[in-house]
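**Q** These protein sequence lines map, in sequence, to chains A and B.
If you read the first sequence in my numbering, its first letter stands for residue 93, the second for the next number, and so on.
If you read the second sequence in my numbering, its first letter stands for residue 188, the second for the next number, and so on.
To be clear, the hints were calculated from the coordinates, so they are not data collected in a lab.
These numbers were taken from a predicted model, which means no experiment stands behind them.
Yeah, the Cβ is synthetic: ideal placement off N, Cα and C, and Gly gets one too.
The reader is advised that the hints may include incorrect statements.
From the derived model, a few chain B residues whose C-beta atoms are all more than 12 Å from chain A [as the list claims (entries may be wrong)]:
(1) Pro200
(2) Val206
(3) Ser250
(4) Leu298
(5) Val300
(6) Ala311
(7) Leu360
(8) Ser374
(9) Val497
(10) Leu540
(11) Glu577
(12) Ala592
(13) Leu613
(14) Gly618
(15) Cys622
(16) Phe625
The following label-pair restraints were derived from C-beta to C-beta distances [claimed, not checked]:
(17) B/Arg416 - A/Glu233: 50 to 60 Å
(18) B/Leu205 - A/Gly345: 42 to 52 Å
(19) A/Asn338 - B/Leu205: 47 to 57 Å
(20) A/Arg209 - B/Asn638: 50 to 60 Å
(21) A/Arg209 - B/Ser459: 22 to 32 Å
(22) B/Arg305 - A/Asp206: 37 to 47 Å
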Amino acid sequence: MDGVLHLASPDPPIGRNTPLPVEAACVSEQADDQTLLRVDSINKQYADQVVLANVAFDIHAGEIVGIIGPNGAGKTTVLEVLAGILPAETGDVHWLGRPLPPSLRREAMFYLPDGVRPYQDQPVTRVLSFFADVYRKSADEITNTIQAVGLTPVLHKRVHSLSKGYGRRLLLALGLLTPHALLLMDEPFDGFDLRQIREIVGVLRGEAAMGRTFVLAIHQLLDAERVCDRFILLADGRVRGVGTLNDLRARTGLTSGSLEDIFLALT
Amino acid sequence: MRSHETFRVQDAPLRPLLVKELWEILSGRALWTMLLLMCPLIGYSFFQAVSLYGEASAAGLQSPVLAASLSPLDGVLVPTLGASYVAVTLLFPFVAIRVLGQEKESGALRLLVQLPYRSSTLIAAKLAAVLAAWVLSSVPAFSALAIWRMLDGHLFAPETLNLLFGHLLYGLLVGAIALFAASVSESAATAAIVTLAFTIGSWVLDFTVAGHPGVLDWIARLSLTQVLRTFEQGLLSAGLVVGIGTAVCGFSALATVWMPPGVHIRTKLFRSLVCVLAAAIIFGLATQIRFSVDVTEDQRNSFPVADQRVLAKLAEPLVVTIHLAAEDPRYADLQRNVLAKLERVLPNLSIRLAGGRQNLAASTGEDRYGEIEYTYGSRSDISRSTSPREILPLLYGLAEVNPPAPAPGSDYPGYPLVAGGQLTLLWFFCGLPLCIAFACWRSRRLPANHNKLTKEALP
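One chain only, chain A, in its complex shape:
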């Protein structure tokens, strides 16, 4: 499988009482240490329909990875299986080289689903405070997050009255309030205009520079090209290519091809 380094791991699986080696999840100078998450042979099907077939890839610490594919390619399913909120038939996930069972995924990563409006009857402030209190975040950290994602004008509004864009910002703010090393985000730019996308990309870049890793499921290839360091091309539940834009160009022979050209060539 492209871009996947298959290594036999001698380490025992992470148990319920084993601390996750997350301190090492920070960006490292050593290439081997950069593999934060390894995904092996995920298979998922509904009745007779295969949704994911042998999906495998690596995620490195501090990078922004885009899972790219058309609607129905299996992007959301990959994220939900990774987050442990959708069971898969087979598949292993390794965190810094050690097996990470589904029940412990929430300690390593946080998944922001698409189209979720949490706690619609509550004011934005209360929803943010809830997440901040759960993770014992300080008032400064909440304020910084609010400013970073631009939620100040709607703090008094109830979640159900937010526009699509502000709904996305709220979800992003909730994700940023979590302390997880890895954030999985489903269609994070859906509902944003170009200026807003640039703004949010800036936020993600800033977080990535601080050591946070992002896996984004995106169906808009232009958006993906703008924000992602590496790409996992997914079609019909199969990984068709993994790598940076230059890696994929080299592989397809499209030396100046866009992500769109590459995707069409590989699928």
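Given chain A, work out where chain B should sit, using these hints.
**A** Structure of chain B alone, referenced to chain A:
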């Protein structure tokens, strides 16, 4: 560089979760709508109860014998809280379902299950929210009790608290069923149907098959409606409390099993089976617990104290063989007046229905029909009475003990009260709804830290 600490389950504070659940309950319209609907329902029941009690009291004030039969528990408390029971049966499921169903429908559950809490903690917090909702929804009933006291009505604390405890357990049971229904259903509407199938279904069950012999009688005992009967009779039964507690924990455990979305259906089914088996074992053990306390002021569920003392000393087994059909009214009389009281005081008591639980038509042709045979040790005697005044001397004779002298001054005086309830209607139809509307409005205000956050977040 960002510190990549993760947040382990044991690190998570419980307070934000409880606060969030409470706000979720308060923010929904279901609770406030239920409260507003309960005002006239409970108010009218209370008004009717006070009026009828007043009419009966008018005669009772002239005669001490009639007054002794006037108990506020039967006359006012049970009918008033009966309206609360109807509301909890029909409306409370919608409030309780919201605690989980709303998050499931909006997708917020997928965020919630990623927070550093165990599924059991999440369900426990939701059950705590259901409890808070029950307390709030009982405000009209509590206000009725307060008004009764203001009208100089008598309340005997143990029997009042026991009745409220019964309603609390019933509310929690309905809430736990609602949580389970919400955890297995994709939508709140389906969860409502499932919960109402339990609550209204058992209501119907109670109407249709109660009093019938055999399997139907056993099925009728499963009805949720039966939960309150014992408390309404003024009994605090340990077996019943353990049984209801087990049912609440069982349904909560099932909700815990079915709530997390990332678990295979096979695993969920296996865990459910374990829960059901564990609950069934505890239920079985609970049926063996016969300890109960008669908390009524008139000690209606007990023989007079002097008789209780003598009966408690009867060490040999007493076998009661009843030649009556289960649906015969005399059997119900005997059960209420004698057998239930004997069960509470005699350590070795066996009750047998002769000829099984055959029906009335098949039984009445027998020569011995109507006889009740009491066998104590090697002696036995027969009676057709259902009154303790005749049966207790019979038992003392069998046991060869002297009947105790009646204790003086232990008679229940009764509490007649003629009170006009017209003004109470004003409270239940105007005052209380206005207070509830105000509380609803207050609950919609922004959180306390809103201004501070906004000020700090402004560039």
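**Q** Determine for every hint whether it applies to the structure shown.
**A** Structure-based check of each hint:
{"no.": "1", "hint": "Pro200", "verdict": "violated, 7 Å"}
{"no.": "2", "hint": "Val206", "verdict": "violated, 7 Å"}
{"no.": "3", "hint": "Ser250", "verdict": "holds, 58 Å"}
{"no.": "4", "hint": "Leu298", "verdict": "violated, 6 Å"}
{"no.": "5", "hint": "Val300", "verdict": "violated, 6 Å"}
{"no.": "6", "hint": "Ala311", "verdict": "holds, 16 Å"}
{"no.": "7", "hint": "Leu360", "verdict": "holds, 27 Å"}
{"no.": "8", "hint": "Ser374", "verdict": "holds, 16 Å"}
{"no.": "9", "hint": "Val497", "verdict": "holds, 60 Å"}
{"no.": "10", "hint": "Leu540", "verdict": "holds, 52 Å"}
{"no.": "11", "hint": "Glu577", "verdict": "holds, 64 Å"}
{"no.": "12", "hint": "Ala592", "verdict": "holds, 67 Å"}
{"no.": "13", "hint": "Leu613", "verdict": "holds, 32 Å"}
{"no.": "14", "hint": "Gly618", "verdict": "holds, 27 Å"}
{"no.": "15", "hint": "Cys622", "verdict": "holds, 22 Å"}
{"no.": "16", "hint": "Phe625", "verdict": "holds, 19 Å"}
{"no.": "17", "hint": "B/Arg416 - A/Glu233: 50 to 60 Å", "verdict": "holds, 55 Å"}
{"no.": "18", "hint": "B/Leu205 - A/Gly345: 42 to 52 Å", "verdict": "violated, 60 Å"}
{"no.": "19", "hint": "A/Asn338 - B/Leu205: 47 to 57 Å", "verdict": "holds, 52 Å"}
{"no.": "20", "hint": "A/Arg209 - B/Asn638: 50 to 60 Å", "verdict": "violated, 24 Å"}
{"no.": "21", "hint": "A/Arg209 - B/Ser459: 22 to 32 Å", "verdict": "holds, 31 Å"}
{"no.": "22", "hint": "B/Arg305 - A/Asp206: 37 to 47 Å", "verdict": "violated, 27 Å"}
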